[in-house]
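Novice: Heads up: the protein sequence lines correspond to chains L and D, in order. Under UniProt numbering, the residue at position 188 of the first sequence is numbered 188, and the numbers go up by one with no gaps. Under UniProt numbering, the residue at position 105 of the second sequence is numbered 105, and the numbers go up by one with no gaps.
Take the hints with a grain of salt, since some may be wrong.
[Said to hold, decoys possible] What follows is a list of derived Cβ distance ranges for each label pair:
1. Arg-437(D) to Ala-61(L): 27 to 37 Å
2. Arg-96(L) to Leu-468(D): 31 to 41 Å
3. Glu-160(D) to Ala-132(L): 24 to 34 Å
4. Ala-11(D) to Gln-467(L): 31 to 41 Å
5. Gly-135(D) to Thr-322(L): 18 to 28 Å
6. Ala-362(L) to Gly-83(D): 57 to 67 Å
7. Glu-305(D) to Pro-265(L): 47 to 57 Å
8. Glu-50(D) to Arg-10(L): 52 to 62 Å
[Stated by the list, open to error] Beyond 10 Å from chain L on every Cβ pair, some chain D residues (computed):
9. Val-28
10. Arg-94
11. Asp-310
12. Trp-325
13. Leu-368
14. Lys-392
[Unchecked claim] Partial list, derived from the structure: chain L residues whose beta carbon lies under 10 Å from chain D:
15. Tyr-188
16. Val-350
17. Cys-447
18. Ala-453
Hint data in this document are derived by calculation from the structure and do not stem from the laboratory. Backbone N, C-alpha and C fix where the C-beta goes; we use that ideal spot for every residue, glycine too.
Protein chains: 2
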Amino acid sequence: MTDTFLSDLRAALGSAHVITDPERLLAVTRESRGRWQGEALALLRPGSTEEVAACVKICAAHGVAITPQGGNTGLVGGGVPFGGVVLSLARLNRIREIDPLNSTLTVEAGCTLAEVQTAAAEAGRLFPLSLASEGSCTIGGNLSTNAGGTAVLRYGNTRELTLGIEAVLPDGQILNALSALRKDNTGYALKDLLIGAEGTLGIITACVVKLFPAPLSRATAFAGLKTPEAALATFDILRRRAGEHLVAFEYLERFGIEIVTTHLPGARDPLSEPHPAYALIELTSADPEADLDARLEEALGEAMEEGLVDDAVLASSESQRTALWSLRENMSEMQKHEGASIKHDISVPVSRVAEFITRGKALCEALLPGLRPCPFGHFGDGNLHFNLTRPKDMSDAAFLALYPQFNQRVHDLTAEMNGSISAEHGIGIAKRDELPRYKDPVALQLCATLKRALDPQNIMNPGKVLQL
Amino acid sequence: MTDTFLSDLRAALGSAHVITDPERLLAVTRESRGRWQGEALALLRPGSTEEVAACVKICAAHGVAITPQGGNTGLVGGGVPFGGVVLSLARLNRIREIDPLNSTLTVEAGCTLAEVQTAAAEAGRLFPLSLASEGSCTIGGNLSTNAGGTAVLRYGNTRELTLGIEAVLPDGQILNALSALRKDNTGYALKDLLIGAEGTLGIITACVVKLFPAPLSRATAFAGLKTPEAALATFDILRRRAGEHLVAFEYLERFGIEIVTTHLPGARDPLSEPHPAYALIELTSADPEADLDARLEEALGEAMEEGLVDDAVLASSESQRTALWSLRENMSEMQKHEGASIKHDISVPVSRVAEFITRGKALCEALLPGLRPCPFGHFGDGNLHFNLTRPKDMSDAAFLALYPQFNQRVHDLTAEMNGSISAEHGIGIAKRDELPRYKDPVALQLCATLKRALDPQNIMNPGKVLQL
Numbered sequence: 001m002t003d004t005f006l007s008d009l010r011a012a013l014g015s016a017h018v019i020t021d022p023e024r025l026l027a028v029t030r031e032s033r034g035r036w037q038g039e040a041l042a043l044l045r046p047g048s049t050e051e052v053a054a055c056v057k058i059c060a061a062h063g064v065a066i067t068p069q070g071g072n073t074g075l076v077g078g079g080v081p082f083g084g085v086v087l088s089l090a091r092l093n094r095i096r097e098i099d100p101l102n103s104t105l106t107v108e109a110g111c112t113l114a115e116v117q118t119a120a121a122e123a124g125r126l127f128p129l130s131l132a133s134e135g136s137c138t139i140g141g142n143l144s145t146n147a148g149g150t151a152v153l154r155y156g157n158t159r160e161l162t163l164g165i166e167a168v169l170p171d172g173q174i175l176n177a178l179s180a181l182r183k184d185n186t187g188y189a190l191k192d193l194l195i196g197a198e199g200t201l202g203i204i205t206a207c208v209v210k211l212f213p214a215p216l217s218r219a220t221a222f223a224g225l226k227t228p229e230a231a232l233a234t235f236d237i238l239r240r241r242a243g244e245h246l247v248a249f250e251y252l253e254r255f256g257i258e259i260v261t262t263h264l265p266g267a268r269d270p271l272s273e274p275h276p277a278y279a280l281i282e283l284t285s286a287d288p289e290a291d292l293d294a295r296l297e298e299a300l301g302e303a304m305e306e307g308l309v310d311d312a313v314l315a316s317s318e319s320q321r322t323a324l325w326s327l328r329e330n331m332s333e334m335q336k337h338e339g340a341s342i343k344h345d346i347s348v349p350v351s352r353v354a355e356f357i358t359r360g361k362a363l364c365e366a367l368l369p370g371l372r373p374c375p376f377g378h379f380g381d382g383n384l385h386f387n388l389t390r391p392k393d394m395s396d397a398a399f400l401a402l403y404p405q406f407n408q409r410v411h412d413l414t415a416e417m418n419g420s421i422s423a424e425h426g427i428g429i430a431k432r433d434e435l436p437r438y439k440d441p442v443a444l445q446l447c448a449t450l451k452r453a454l455d456p457q458n459i460m461n462p463g464k465v466l467q468l
Numbered sequence: 001m002t003d004t005f006l007s008d009l010r011a012a013l014g015s016a017h018v019i020t021d022p023e024r025l026l027a028v029t030r031e032s033r034g035r036w037q038g039e040a041l042a043l044l045r046p047g048s049t050e051e052v053a054a055c056v057k058i059c060a061a062h063g064v065a066i067t068p069q070g071g072n073t074g075l076v077g078g079g080v081p082f083g084g085v086v087l088s089l090a091r092l093n094r095i096r097e098i099d100p101l102n103s104t105l106t107v108e109a110g111c112t113l114a115e116v117q118t119a120a121a122e123a124g125r126l127f128p129l130s131l132a133s134e135g136s137c138t139i140g141g142n143l144s145t146n147a148g149g150t151a152v153l154r155y156g157n158t159r160e161l162t163l164g165i166e167a168v169l170p171d172g173q174i175l176n177a178l179s180a181l182r183k184d185n186t187g188y189a190l191k192d193l194l195i196g197a198e199g200t201l202g203i204i205t206a207c208v209v210k211l212f213p214a215p216l217s218r219a220t221a222f223a224g225l226k227t228p229e230a231a232l233a234t235f236d237i238l239r240r241r242a243g244e245h246l247v248a249f250e251y252l253e254r255f256g257i258e259i260v261t262t263h264l265p266g267a268r269d270p271l272s273e274p275h276p277a278y279a280l281i282e283l284t285s286a287d288p289e290a291d292l293d294a295r296l297e298e299a300l301g302e303a304m305e306e307g308l309v310d311d312a313v314l315a316s317s318e319s320q321r322t323a324l325w326s327l328r329e330n331m332s333e334m335q336k337h338e339g340a341s342i343k344h345d346i347s348v349p350v351s352r353v354a355e356f357i358t359r360g361k362a363l364c365e366a367l368l369p370g371l372r373p374c375p376f377g378h379f380g381d382g383n384l385h386f387n388l389t390r391p392k393d394m395s396d397a398a399f400l401a402l403y404p405q406f407n408q409r410v411h412d413l414t415a416e417m418n419g420s421i422s423a424e425h426g427i428g429i430a431k432r433d434e435l436p437r438y439k440d441p442v443a444l445q446l447c448a449t450l451k452r453a454l455d456p457q458n459i460m461n462p463g464k465v466l467q468l
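Same shape as in the complex, but just chain L (with noise of 0.2 Å):
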């Protein structure tokens, strides 16, 4: 089988981009942590659509397994092949189309994350995604998994950045859904389906994504707070004044900025006195004359004298600015320094989003004296990094060997509240398992009905999401 198979495949990519090299193949059937090691028949590198399409109907002729791969980046396994061929979208790397009064901007999978950017600036616009792992990640693989980020708050995720698709289906077929429409409703949303299916109902090989008038003007502040309800009634209040132009309201904590200052160099605390919560906020507009400063100075003032706010600090500089954005930037990098770290990617609704701080500490630290629990994130989109810090005291093997029983009180707390135990991640196969405690039954099964609907042969990304 194998053989007709890889020549098969040989026939339609060229020999070179039919990758069977052992050494080549560890790097892309490695989970980029090392969390996984997976392994694969062989790494396939078509150049375009119709080639993508060749790959998917030779494998499904041969009943092959696909796992489509970006950047690599993710970080639920979801693109970690057990078995069956690694299809990379690297060579499908143009910017095939701006259209700067359409505000749109089509590119193919394999342009990094970086590469849109630069595009959309280029042109004079934002393309508002953005992610730690921008210069490596891929648009194909922000798609795949819906990706979240730092801008969400006001431009949206993925999903909602993206008017339309180009893929291939599990039988090989290439679905046209390219639309650069801002109004269609001509069928069902496909493109919403395919976008966060993580590689399991097709292949993205292209999308159209929305651009917005480039910010031309910026302001940026670093609050410390004595509770996480107190940023909460502060984050009330900046929405309530600063309106359509909030785009971050992010959360640390002490312990945080602590790691961050002891750990990165040049860093320092932007407040003279420690305070136990803190808030990164940025106003952004495409007023070039638009005085956000004041607007956010008042803004900060009222919660001050509500009480709220304790002390605070204005970037009153781009250097400033990227020095208070590196605090909360570097957070998850510096952790590392402190030994290991069990993390969580959850959302609840915004307005519980404190209690949940407050409840979710209270309850791991009665699990482990001494644990330091390090939670931060997109506060205002209601999505925490709620990742625990093991006691100073401990082995990193000990404290791991505790994930699972962490992973279930934090995420029961969250199941309480209506949240989610991924709010951006994505479930690969980190959380593919844990799913099925916490979402409702229905909601799977019709999952599962609509995978084995698209693909019943079970060839695309198989094992990733659901346990079929």
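We have chain L already, so just place chain D on it with the hints.
Specialist: Just chain D, lined up with the frame of chain L:
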């Protein structure tokens, strides 16, 4: 069969809510404009989600078709039954929950859109969906048709305004996807799939919708222009200069203004000279002190300097604002006084909307000299109600006999420009048989696969959207 069927239904709902009286059936089997007259065995009025589920189970057991119905205000016959039962959501009319801090509202499908707007306003928030029929259309119908309206430019379509749904699936199971989360990547986009499915994949019984800060400042202008191309260039200036404040950019033409000023008591042309084309522009802000009039004046000033806008007036009072909007809102209604119209609800990329108007009018006028085109609509979304009024001296009947010919020319042009033949009204039965001519065959086949997988008996609003 029918006897057991009806007695099962009466046992489930109570006799008062299983209506077979021909008079009452007439009202719910007729399309509101009388364009279609269907028929039904009974009208079911369940009072809860569980009762909806009971109805669907009984219908599924007997193989009886179900046409879900909200306010029966749809424009494509999607709510007209052709046999089977009509299931009215009218008694599911509770506002279940308002969560101001989460900026969400949980409502049942049978609430009118106006009731939802009012509940949001009473909490000091905005639910931005707004349509001509808002007093009688229901939120369930809005979701089922992915309704558009006048604020899509700023806030998105109904799908983007909805965070979660509760629905009864074609097998009678209740899907609980009533998420109130901004971020949730746990499985496929089930709510997006059911939204816009026109009741063919299940019955939406409740939803969680997003609220926004109430707009406390507003500026409205009416501008006279020479051409649709000038309108497009003006739109680009507005989008750049007003950015996040731009909520509406509606297009009208001289003939439309003449119709309304002639037939609507009290209506008058806001500009002293006639102009070939007009734009109705609105900015809003949550900031009560935002000087939007100044901003709008500056943007219009730039458009005048560039020779795009020939004259413009800003509303200086609420009554002036209402008068300007009334010209737009009464367009469709006042058109009736000039005789029969052939209507289209198309969208194209915004960059091509001016070209569409110019070419579309020329095309139609060539087909029928004396034709009076009346294009108007959501120019900023690329969505036009491309209406055609009959020549002055032609009979309605003779003109309407040309419906298919005009449809085909207008829709062929739409397709040539990568547009949609249904921007916001949906497919229903009105456009079902035209859809295969314009939709990607793989997309259409995928829709059919989904329909068969979810509704193998084809009992949910059969014959709508797809011809199976």
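Novice: Give me the numbers of the hints this structure contradicts, sorted from smallest to largest.
Specialist: Number 5 only.
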